[in-house]
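Student: Below, each chain spelled out in residue letters.
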Amino acid sequence: MQFIPLSYNLRSLLVRRGPTALTVLGIAATVATVAGVLALQQGFRALYAETGRPDLAVLLRPGATAEGVSSFTREGAQRLIKSTPEFAEGADGQPLAGMECFLAVRRARVEGGETNVPLRGVQPSTFALRGDEIRITEGRNLTPGADEVIVGRAITGRIKNCTLGDVLTINVTPFQVVGIFECDGPFESEIWGDFERMLAALGRFGPNRVVAKLRPGVDVKALDARLAASREVAATVKTERDYLSSQTEFLSKILRLLGSFLGVVMGIAAVFTATNTMMSAIGARTYEIGILSATGFRAFPIFVSFLFEAILLGLLGGIVGALLVLPLNGLKTGTTNFQTFTEVAFAFKITPTVLLTAIVFSLILGVLGGTLPAWRAARMRPTEALRRQ
Amino acid sequence: MGDLTRLVVRNLARRKLRTILTIASLVVAFFLLCTLRSLVTSLQAGADSAIASRLIVQSAVSLFVDLPQAYQPKIEAVAGIEQVSKWQWFGGYYQEPRNRFAQFAVEPRETLEIYPEMEIVEGSAEAFFKNRRGILIGDGLVEQFGWKLGDTVPILPELFPHPSGPGTAWEFEVAAIYHPTQRNFDPKMMLFHWDYFEKTLEEGPVGAPGVGTFVVRLTPNADPTQVMATIDALFENGPQRVQSTSESEFQRQFVTMFGNVPFFVSTIGGGVLIAILLAVVNAMLMAGREQTHDIGILKALGFSDGDVFRVLIQQSLCVCVIGGALGIGLAKLSEPSIGLQVISLIQGYRVTPSTMWFGAALAVGLGLFAGAAPAWRAARLQTIEALASKD
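Residue numbers (my numbering), protein chains in the order written: chain A, 11 to 399; chain B, 4 to 394.
Rather than coming from a laboratory, the hints here were simulated on the basis of the structure.
Nothing here was measured: the structure is a model prediction, and the numbers come from that model.
Idealized CB from N, CA, C, for every residue including glycine.
Errors might be hidden in some of the hints.
[What the hints assert, rightly or not] For the chain A half of the interface with chain B, some residues (derived, Cβ under 7 Å), not all of them:
hint	residue
1	32
2	114
3	116
4	124
5	286
6	290
[Claimed, not checked] For each label pair, taking beta carbons as the anchor points, the in silico distance ranges come out as:
hint	chain 1	residue 1	chain 2	residue 2	range
7	B	357	A	391	50 to 58 Å
8	B	201	A	118	27 to 35 Å
9	B	392	A	391	19 to 27 Å
10	A	259	B	12	52 to 60 Å
11	A	194	B	357	41 to 49 Å
12	A	118	B	174	39 to 47 Å
13	A	120	B	71	27 to 35 Å
14	B	266	A	170	17 to 25 Å
15	A	274	B	8	34 to 42 Å
16	B	226	A	363	56 to 64 Å
17	A	170	B	379	52 to 60 Å
Whole structure, please, built from the sequences with the hints as guidance.
Tutor: Right, here's the structure in full:
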């Protein structure tokens, strides 16, 4: 069977520049919208899932799914730290573990309105655990025991009283902002202060969670099972990576749902546009199709040829759409993570998944939009088609 | 003019498939645009249901910080206050973490007096008052979980572990069911006895609970601003600073937490609009080109350039208005089912008349814009040239 050369389709698209460009742009707008939502989801997920460390254990009260609803007594947390042989030791021979208190506090946004900002009270051992994950880029680190805080880079310009030298009042205690820190994970949207001073300022008595470095090769599941059944201080254990991933499920699901919903609905409109364009192309080229079949091309090659042209239209749209969303990469934005009820700043992330989805999506649009017109073209009788001049 | 209108219809009918597909894309696009806009407006309208005589007193530090119970008599003593009732967010779930809804420990009598929006449709207020483990639930929960009067409802706690040990559910019994008389009032709340809550916790290590929010009802002629300032000043120096707000402001605070969501939604709407604009312009240009020969005939018959212009622009308008109207109608029709889908995030989802007018204006604008290019070209065509065209 003889197939029609592909250059025929390329030239046809070029000849009908106007409709081609409009259709390609229409598909591109659809692809770009869907890819943009997906890029948002990828950026959000990456912030949590890819920055959590597999060698750190996060201990929460049994039944708590997030640190905000977890709590330990101070004695309980201290006993956990001292009596768990799975925790690694620091240079001083003490377990490498820290208590943290956490509270989403109401703060005013610079641009007006209120939001919830995570406030974390940390111990000196927390910095030992984190190593160079926390990078102070302005000012200095906080002094243990002092009324000082350091603020994540992501919120300095967004939340009031969060630039270097500001005074940040928590309940009735004023804290001095002495440093700005950067971090690749969600901590960059947080305010950190001394554990003891934060407890005092908030009128609390114990930590929300314990974070500890695990010895190499520790079976976290077994540790979790043992501590969950503990009579003394019960706790659930997850690696930090698993813990952070679990905090993204809800928003990730919403964004994925939104993306697929938009994909289907806008996709329908894009398919119709592609069909319209191809029908018009075939209408204008009826005579050519007559010649093609008169010169011996069978119905199937004609069908393939026009379907290919539609796929080409879709692919061009996909490429343009992908190019349109590329500049979004790294663009910072923020929204509330409903699982922690706090605002997090994160960036759009154009991953290979996003680009691949865009291209595959556009190809599907092309196939769906091209099938009917190609079938019509293939069914034309040469005698009738040639008569249409 | 009547004949020209018929010509418009005939022209549209000539390429049935294209007209139908174009209208169908418009329906989809306008459905999306109206739904997206309604999500944003409904989110922002949540605050409108609030009653002006109610104030909320909460911690100024955090949503998750409790106030001491001892604050209650001090607040009650403020002039202009008729009633104060304490609420606590329980934060549990039914069977699985994804089955979350609002559960509050409340003072039953006071709460029903302060919130007349809850109309009891099954069971009775008395039954709720008398049963220590009794709960008052919204009909939205009945719909979701199929609970009925007398059912025992186990709720797994996240914030308040049961003293009997980890993993123990708190057990409640459905004593009454309410139906909200206001659109924006949450139909999925579960209210239970403060006494049961407090007595149970006192058996455990945690002890008596704090208060999440105090709900305050003002006397008819009290000045809310004055009362709020007085309450805030009472606890200026701790131990916990408070923030009193009107009920509408309290709800608005939750709305601002959605942060950039309205912006995202508008951006997506922009994408939808561009896509549909290109689709309609494309379809209209194709139609205009195919009708070149007809236009020549019209002009040869003596119709003016203006008539020709109108024929083409009316075709575009006709398609856009039909598609737009169907899309807007679809958005309105799907209002109840979409409202049910998003109820946990947005109460009272509504496609407002303003959104429908917005859609209508957009449809007309789109029709004029998409029709302009081919109509302009047609009006300027030379009769001879047009007649010579093979289309």
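Student: Among all the numbered hints in the text so far, which are the ones the structure does not match?
Tutor: Of the numbered hints, all hold.
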